[in-house]
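Asker: Protein chains in written order, with the numbering used here: chain A, 1 to 243; chain B, 1 to 274.
Bear in mind the hints are in silico, worked out from the structure with no lab data behind them.
Because the structure is a prediction, the values reported are computed rather than measured.
Covered stretches of chain B (in silico footprint by chain A; criterion: 3 or more residues with CB under 8 angstroms from a CB of chain A, positions within the stretch not fixed): (1) 49-57; (2) 73-79; (3) 95-109.
Every residue, glycine too, gets a C-beta built ideally from N, C-alpha and C.
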Amino acid sequence: MLRKEIRDALKRFVESMVVLAVIPFMYIGDKLVIKVGLDYASLIDTGFFLTLVIFSIYAGATIFQPERKDRAFEYLFSLPLTRRKIILAKILPRFGLLLILGLAATIVVGRSLLADAGITILVLFFSSLFLSIGVFSTAINIFGVILMYLIFFQGGRTFVYLLSRLGGSFAGHFGPLVSQLVSAAVLLVPFGMAFWLTFKKMDARPLKLQMRTYYFITLPVLFVIVSLITLSFRSSQAWLLSR
Amino acid sequence: MIEIRGVSFSYGKTGVFRDFSLSIPEGQVCLVTGINGVGKSTLLRLMAGVLRPDKGKIRYDPKLGADPRRKIGFVSDALSLYESLTIAEAIGFHKSVYGLSSFDDSLIQHTKIGCRQKVRELSIGQRTIFHLNLILSLEPAVLLVDEIIHSIDAYLRKVFLEQIVQLLSKRRLTVVMVNVNFHDIEHLIERVILLKSGEIAVDENIEDLKSKVKKIVARNRPDSLNVLSQIDYSEHSEFFVYPFDNRLRGTIEGDIFDLNLTEIVSAFIGGEYA
Chain A
1 MLRKEIRDAL
11 KRFVESMVVL
21 AVIPFMYIGD
31 KLVIKVGLDY
41 ASLIDTGFFL
51 TLVIFSIYAG
61 ATIFQPERKD
71 RAFEYLFSLP
81 LTRRKIILAK
91 ILPRFGLLLI
101 LGLAATIVVG
111 RSLLADAGIT
121 ILVLFFSSLF
131 LSIGVFSTAI
141 NIFGVILMYL
151 IFFQGGRTFV
161 YLLSRLGGSF
171 AGHFGPLVSQ
181 LVSAAVLLVP
191 FGMAFWLTFK
201 KMDARPLKLQ
211 MRTYYFITLP
221 VLFVIVSLIT
231 LSFRSSQAWL
241 LSR
Chain B
1 MIEIRGVSFS
11 YGKTGVFRDF
21 SLSIPEGQVC
31 LVTGINGVGK
41 STLLRLMAGV
51 LRPDKGKIRY
61 DPKLGADPRR
71 KIGFVSDALS
81 LYESLTIAEA
91 IGFHKSVYGL
101 SSFDDSLIQH
111 TKIGCRQKVR
121 ELSIGQRTIF
131 HLNLILSLEP
141 AVLLVDEIIH
151 SIDAYLRKVF
161 LEQIVQLLSK
171 RRLTVVMVNV
181 NFHDIEHLIE
191 RVILLKSGEI
201 AVDENIEDLK
211 SKVKKIVARN
221 RPDSLNVLSQ
231 IDYSEHSEFF
241 VYPFDNRLRG
251 TIEGDIFDLN
261 LTEIVSAFIG
271 GEYA
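Chain B on its own, in the form it takes in the complex (with noise of 0.2 angstroms):
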């Protein structure tokens, strides 16, 4: 579990979150979403750690123990690591740090790294996967991952993705996503988070959030319902409604299409930046 009460943080003059809360139960996947600079990063890394809160506080779950950070798995969009080590020593700097008596290589088993390369040769994509690998082998009770995976091959995410189900599938696993390609996690993730502003706009269980936003494919505006954005062609129009309520449907001029999540997430964006 990860409660969020009343942090406020900004980086400099420039405000992100002003008593902002939220709170995720031990087991959710969870996905964040958002324009481009409204806050998803920082919201990883202040549940993270890496960043302190001006105002607020972030509590863990008392099982996470002592300094939670140890059973907190986090990958972000700048893949900090010490660049000038080699795949074997960042191995053993990140055993001696938590301890670790083995490390199970796994997912860097499928690349072509090798031991002696250093951090700061690999791509961006090895990089994902050796960072990926080091924080799977700590078996984090709480995995946060930004939108880096998008760099990994087609491949190595399955492979990643895949190690994600079987650690969902044996523990109780917190998982916190932010924009990753939702078309191959659709089927994982539970809740969907969308911030605006600094705030929270959109926090809906992944299924009543498919019941609610609805494409509507008409020559007119459906005035009795909330648009999020709009597409037009010459001879119609492509609505993206929410909340849509099932008792309107008869009540509606055209065509009412159900959406999968990345066209979900996409009106909602579309219209931020409409």
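Bound conformation, chain A alone (with noise of 0.2 angstroms):
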């Protein structure tokens, strides 16, 4: 299982390093025709960053692509395996080549693109993989995951605001990795739960109709929220806008 996990998660990073390849005929093509005088090394670094994104997103987003494509839920389900067992064999290559990409990167650029956007890079791919079970095609999934950035972003801002409020070491330097985190928190945890609850039940019923513990648990989560930040944002921003 884990062998033919890792087969599969390398596919889809192959598919992903494509956006690294394009950046030689960039800079060539900037050198000879545009003449924008594109930095080499900028380009690289956009260029890590936007394949660890992309990877993150996709690698999540395809977690269970086979077993739709090939509507082998059913086979999947007749092996003697656990849930626990397919699950961390799936998430296990994909995580271990999002590290590998992390690391690769920052050997490359020269500084820790993971240090400078760790969270980001692990909220886009746990958003991705939580919501591909509740999601039926992976153009959506991306729509959704670039949603729930949304929200974890406009989140953080709202809790470096609540933090900065009850004052002492939370407002000072590590406020914003610690509303970060909160944030990361409170939109993942409850979307993990529905994606671990729903998969350990399921069945080789359609998925469509195995979806009520996911949709009972994400959609009051989301609307609590959305409806938090929408409440607190004025506030927050005047703040911000105030430092």
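Dock chain to chain to rebuild the complex, using the hints, since each chain is given by itself in its own frame.
Answerer: If you want it as structure tokens, here you go:
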């Protein structure tokens, strides 16, 4: 199972690397024709960042693609594998490749992209992963990930503001990091729970008939988070502008 | 042994089974039949563990171990497999999941399936044979086969059935088949279960069933007997009756005929559609 998933994750990885492959052509194109004066180092930097973003979304969103495309859920569930084993075999290779790509970017670019944007990359990966079970098309999944990211981003700003009101060490140097972590946790923990509870009970019935638990958890959570962000939007924006 | 106790199952709002119970002892060869949509394939999927009951329990012989799926061979009508894998990859995957050290490919050797061919490139018949070969390689204790073996040609069906007979002679293999082509497996079947509206309408040993279902050719309907279905001709009619009581033989007008399994199942199913 793990070997098959590693092969599948590698396929997604190679597909995502197309962005990096394009960089030399962009540079050459600029030198020959466009002449904007693109800097090769910054192109590489942007390329690696984009590759990380694309792979994190793509790897998560396509976690059940072989089963969907090949209608192989029935076969998968007939195998003597526990749900935990299945999900670990699917997540670990993808997560591992994400880390390898992050480390490769750190070596090539010379600074840690994962340290700069690690939380964002994790939010994108897990958002697309957790959405993949409840959303039936990769395109809609990607749209959902963008929405989740916007909620995470604005949630982070809201939590910075709320933490600043608490005062003390939260408002200091670690304020933005803590607020990002809180925002990610508030968003991803309920989605992760919904994902796991749905997958644990899943069988070969049509997927649409098995999403009650998933929507029962995620929709109210989304409603509460979006409401909180909306209610505190003005005051948090005013606070941020005043700094 | 498979023990189904008080199982309820539905697809959304469409109920299939309600408080359904059935017990299949070790080593028995059963045929599950009934009209389309009655829940035969669903029953097989529940036994295979790919569907989970909304209520109730399905218990397996403790000899099958903690995860009975390791010893259950299931071929569904959907022939679900990873289609993007090649035959060699699919065999490798299957071996690694079941922890098999070797793979007996004797069934696919009878076909023109190549190792580098992708599963999606196989015809339905080839796919069925490939799937059957995968599950037979497990040396299953329980074999669940949906009506898909209709799709394989006569020669390969014969090869497959020979393998089943070999397995049955070697050990106590429990087999549950759905609506398979009856004439070539009639000698294997010990028990017939007919489903009707999600319940068991008939559950008989094959010999008992054959003695209880008869065809009566007569001008008038035999009022003293329960007629499952009838076929009318200009001069006479054929009445398929169940249960037939041998003591009534002398009192019935018309000729009484024995039926084979295909005719028996057709009589029941014909009655459902009438």
